Amino acid sequence: MASTNADSSLDLTPAEIDKAQRHDANPLDGIWIFIVGDLFIFGSYFVTYALWRNWQHDVFLSAQRNLNLGFGLFNTMVLLVSSWFLAAALKAMRAADWDTSGRWTLATMACGLVFVVSKISEWTVEVGHGFVFTSNMFSQFYFWTTGVHLLHVLFGLLALFRLYLEVKDPTCRNVATAESAAAFWHMVDLLWLVIFALMYLTR
Amino acid sequence: MSAAAPPIPSGMVAKARWHLRHNPKADLWVAWWSIPIAYNIMGMVYFTITHMMPPPDPSKSQAEVVEFFTRYGFEIRLGFGVMLVSLAFLVWANGLIGWLIMKMDLPHAKAWGYAYMLAMCGGGFTGAYMSAFTMSVASLRPDRDPAMLQLLYDATYISFDGTMGFFLFGSLIWTYAILADKSRLFPKWFGYTCIWNFTTEFLVSPAVIVQTGPFSWNGTIAFWIDTIVYIGWQVIYVFMLYYAIKRVDPPKDRFRSMRLANLPGSRGTSVASTSGLSPQPA
Amino acid sequence: MPRILDHTLLLSVPVIGMIWIAAFLVFPTWTPLPPTLSAADVAAFYSDSGNATRVQYAMIVFNWFEIGMVGLYAMIALQMGRMSHGGGPLAWVYMAVTLGGACMFAAANCFWIVAAYRPDRAPEAIQLLNDLGWICFSVPTGFLIGQAVTLAFAVFLDDRDGRVFPIWVGWLNVLAAIAWVPAAFGALYLTGPLAWNGWLTFDLRIGTFAIYNAAMFAAAWTARNRLAERDLAA
Amino acid sequence: MQYLFKGRIAPVWLGLTIVTLLSWLISSGQDNVMKPDLTVSMAVVVIAVIKARFVLREFMEVGHASRWLRVLSDVWVVGLPPAILVALSV
Numbered sequence: 001m002a003s004t005n006a007d008s009s010l011d012l013t014p015a016e017i018d019k020a021q022r023h024d025a026n027p028l029d030g031i032w033i034f035i036v037g038d039l040f041i042f043g044s045y046f047v048t049y050a051l052w053r054n055w056q057h058d059v060f061l062s063a064q065r066n067l068n069l070g071f072g073l074f075n076t077m078v079l080l081v082s083s084w085f086l087a088a089a090l091k092a093m094r095a096a097d098w099d100t101s102g103r104w105t106l107a108t109m110a111c112g113l114v115f116v117v118s119k120i121s122e123w124t125v126e127v128g129h130g131f132v133f134t135s136n137m138f139s140q141f142y143f144w145t146t147g148v149h150l151l152h153v154l155f156g157l158l159a160l161f162r163l164y165l166e167v168k169d170p171t172c173r174n175v176a177t178a179e180s181a182a183a184f185w186h187m188v189d190l191l192w193l194v195i196f197a198l199m200y201l202t203r
Numbered sequence: 001m002s003a004a005a006p007p008i009p010s011g012m013v014a015k016a017r018w019h020l021r022h023n024p025k026a027d028l029w030v031a032w033w034s035i036p037i038a039y040n041i042m043g044m045v046y047f048t049i050t051h052m053m054p055p056p057d058p059s060k061s062q063a064e065v066v067e068f069f070t071r072y073g074f075e076i077r078l079g080f081g082v083m084l085v086s087l088a089f090l091v092w093a094n095g096l097i098g099w100l101i102m103k104m105d106l107p108h109a110k111a112w113g114y115a116y117m118l119a120m121c122g123g124g125f126t127g128a129y130m131s132a133f134t135m136s137v138a139s140l141r142p143d144r145d146p147a148m149l150q151l152l153y154d155a156t157y158i159s160f161d162g163t164m165g166f167f168l169f170g171s172l173i174w175t176y177a178i179l180a181d182k183s184r185l186f187p188k189w190f191g192y193t194c195i196w197n198f199t200t201e202f203l204v205s206p207a208v209i210v211q212t213g214p215f216s217w218n219g220t221i222a223f224w225i226d227t228i229v230y231i232g233w234q235v236i237y238v239f240m241l242y243y244a245i246k247r248v249d250p251p252k253d254r255f256r257s258m259r260l261a262n263l264p265g266s267r268g269t270s271v272a273s274t275s276g277l278s279p280q281p282a
Numbered sequence: 001m002p003r004i005l006d007h008t009l010l011l012s013v014p015v016i017g018m019i020w021i022a023a024f025l026v027f028p029t030w031t032p033l034p035p036t037l038s039a040a041d042v043a044a045f046y047s048d049s050g051n052a053t054r055v056q057y058a059m060i061v062f063n064w065f066e067i068g069m070v071g072l073y074a075m076i077a078l079q080m081g082r083m084s085h086g087g088g089p090l091a092w093v094y095m096a097v098t099l100g101g102a103c104m105f106a107a108a109n110c111f112w113i114v115a116a117y118r119p120d121r122a123p124e125a126i127q128l129l130n131d132l133g134w135i136c137f138s139v140p141t142g143f144l145i146g147q148a149v150t151l152a153f154a155v156f157l158d159d160r161d162g163r164v165f166p167i168w169v170g171w172l173n174v175l176a177a178i179a180w181v182p183a184a185f186g187a188l189y190l191t192g193p194l195a196w197n198g199w200l201t202f203d204l205r206i207g208t209f210a211i212y213n214a215a216m217f218a219a220a221w222t223a224r225n226r227l228a229e230r231d232l233a234a
Numbered sequence: 001m002q003y004l005f006k007g008r009i010a011p012v013w014l015g016l017t018i019v020t021l022l023s024w025l026i027s028s029g030q031d032n033v034m035k036p037d038l039t040v041s042m043a044v045v046v047i048a049v050i051k052a053r054f055v056l057r058e059f060m061e062v063g064h065a066s067r068w069l070r071v072l073s074d075v076w077v078v079g080l081p082p083a084i085l086v087a088l089s090v
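Residue numbers (my numbering), protein chains in the order written: chain A, 1 to 203; chain B, 1 to 282; chain C, 1 to 234; chain D, 1 to 90.
Source of the hints: derived by calculation from the structure; they are not laboratory data. Among these hints, one or two may not hold up.
[Claimed, not checked] Here are the computed distance ranges between Cβ atoms for each label pair:
no., chain 1, residue 1, chain 2, residue 2, range
1, B, 114, C, 6, 23 to 33 Å
2, C, 53, B, 239, 56 to 66 Å
3, B, 47, C, 192, 25 to 35 Å
4, A, 117, D, 6, 22 to 32 Å
5, C, 118, A, 68, 45 to 55 Å
6, B, 202, A, 121, 20 to 30 Å
Computed from a predicted structure; not experimentally measured. All residues carry an ideal CB built from backbone N, CA and C; glycine is no exception.
Sequences and hints are given; from them, build the entire structure.
Following this line, the structure appears as structure tokens:
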């Protein structure tokens, strides 16, 4: 059982510990593995959606009438603005202007909250019109994909909140963690751009 | 202390014996080995013996369900027999991970470790065992009323998919622990990959509502993408545990009870005289 | 406080063992219902008011005490913590698996109670509940096996010069684990030794369980005494 | 305010906004009648992925990141539209 570990020593050598720590040195690499994986997982969802759209084109087209393009456009703009604000927050942080950075982070979070509220009101309106998850194949994709995205938005808000706390506290200001949180938030924006195109705009 | 132990002999069995006797992490290593072995047995049971995976169509007619259980009845019961013998060893994996969480440098590490163990054991007990029972009972008498067979069929897959919350929560706990751990027992990037795992656990939930399409229990999204992500993550996780075990301190000074044995009133003999080891400082 | 009361947890074990045996005797049949009974026969068994009452009373008692061996297992887990791997994951694993076994027993218990609760149900439904009950009761020996193997492993890992449990406890656990393996395949056949009323699935499993718990009680009792002295000395 | 207009983020943001409005115009057409149109579908998908690449490069700063990351993100950007096109038209 344990025999296959036999030739390795019982504990790591200092060189091995060094190597393991260097591997870890950049926290950005950590979040990036997640982001790339998430992009590809979402990519597979998008392709699945396209396939079903192709198979049930009429159903999808008529079901798309239930969506409100205005809401979709508004949500897209809100997220784009939030990304812009966050990029400004990061620029301020790199210039060591922490107070301004905190304000822009708050502005980003405000945009995120607007998105959440807007998304939920959009759902409420749709459900009120009898357009629910089980209505048809399009509605399944729509509610599910936007729901998963909303989950990402909520996690992103948590990350931004933590970022804000760190910016406020002089003892734990750290550009590297800020960059991780920002990268995640921009990915949320990026995914929404594709979801908006696929759900609202395709014909 | 490994320096004082006798040299590692050659030969599989002798090496294994040496490690069991002298490796202070022997219990961790055996728990580690149980992971690839037990998961492979599980995979074999689900995919090749019982034909439970990939899942059959949820919208099967009653006649097709009867046919399914008639055709695979013996294999289903045999496969679940194998699984029931081996499944308890997955608890070793949970114990190992929970214990590693307890060793991390984060506030209330012990509680996080217990929470992980509770969540994962709960998921294993309900998700795997309940589906095994309903499936076995259905295949035991395929001449039952077809409506009842269909009930058992649904119960199998819905109890399998419907217990994802346990795994979701377990995974969430582990993820948090890794990301918050200051000792970096696991690399941070591995913590981020755990997020794939628990988010994909969220995503199977529509399978308990819809009967066809990509979100049903045999669908592209609810089953295939989820399973591919899970298996990929599982491979990473086995390697990460390997490095974590190498880095963590041994559970306990193995020779503590030997020292106790030297005390008056016990029947042990002196360690120093029998094995040439000097007692460790307390 | 009288000194004997220091040992309430372990002393509860033989008491609960007696209660289990009593409940076992109250159950209408000492051997399981044959799996080959037709749905009508199974329904008739539960419709018989004498049988139904005895099933219900036996199950109520099991329901009260199904987790009763927890004292023994917790005590064993405590001793595992004092072994040379103590502080590692094994003791926690041991506790988790014992809990799993009790949960499966509780599930079986509920299925039987439901079968006896409304005996005017369709015979097919009663038969289904009866099947579920016996399968849940007979087949999940994986937990018992996991329990025995974990403990055996801990005993073998313990250092040779100051064992917490003597080595025979390890071998007893290995033997018990082997004896429980056939029962995991108890769903394979409706007749023969592997059926849920066969000797491999029922008699061997129950017998081993009884002997195992008695022997482990003895082992835990003596280990507790010895270790108490040792701790006092330390 | 100064940070909003520092570097390239403001023009990039403006470009993304304009392109978003453009794809909305392409898709909505004259009235709200849903007509099947593969060209429109592909156009909005391609626009979305191009926007995604700008977000990756300008906001997420993938341009300065390690090589594997640049390569993988470009694989995603280049690979997604053809995959969706094939899925939409097979």
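Outcome of the hint check:
The beta-carbon spacing between residue 114 of chain B and residue 6 of chain C, approximately 27 Å, falls within the hinted interval of 23 to 33 Å. In this structure the hint that residue 53 of chain C and residue 239 of chain B lie 56 to 66 Å apart at CB holds, the actual value being about 58 Å. A hinted range of 25 to 35 Å for the beta carbons of residue 47 of chain B and residue 192 of chain C is consistent with their spacing of about 29 Å. For residue 117 of chain A and residue 6 of chain D, the Cβ-Cβ distance of about 30 Å falls inside the hinted range of 22 to 32 Å, so the restraint holds.
For the pair residue 118 of chain C and residue 68 of chain A, the beta carbons lie near 51 Å from each other, so the given range of 45 to 55 Å is met. Between residue 202 of chain B and residue 121 of chain A the CB atoms are about 23 Å apart, so this pair conforms to the stated range of 20 to 30 Å.
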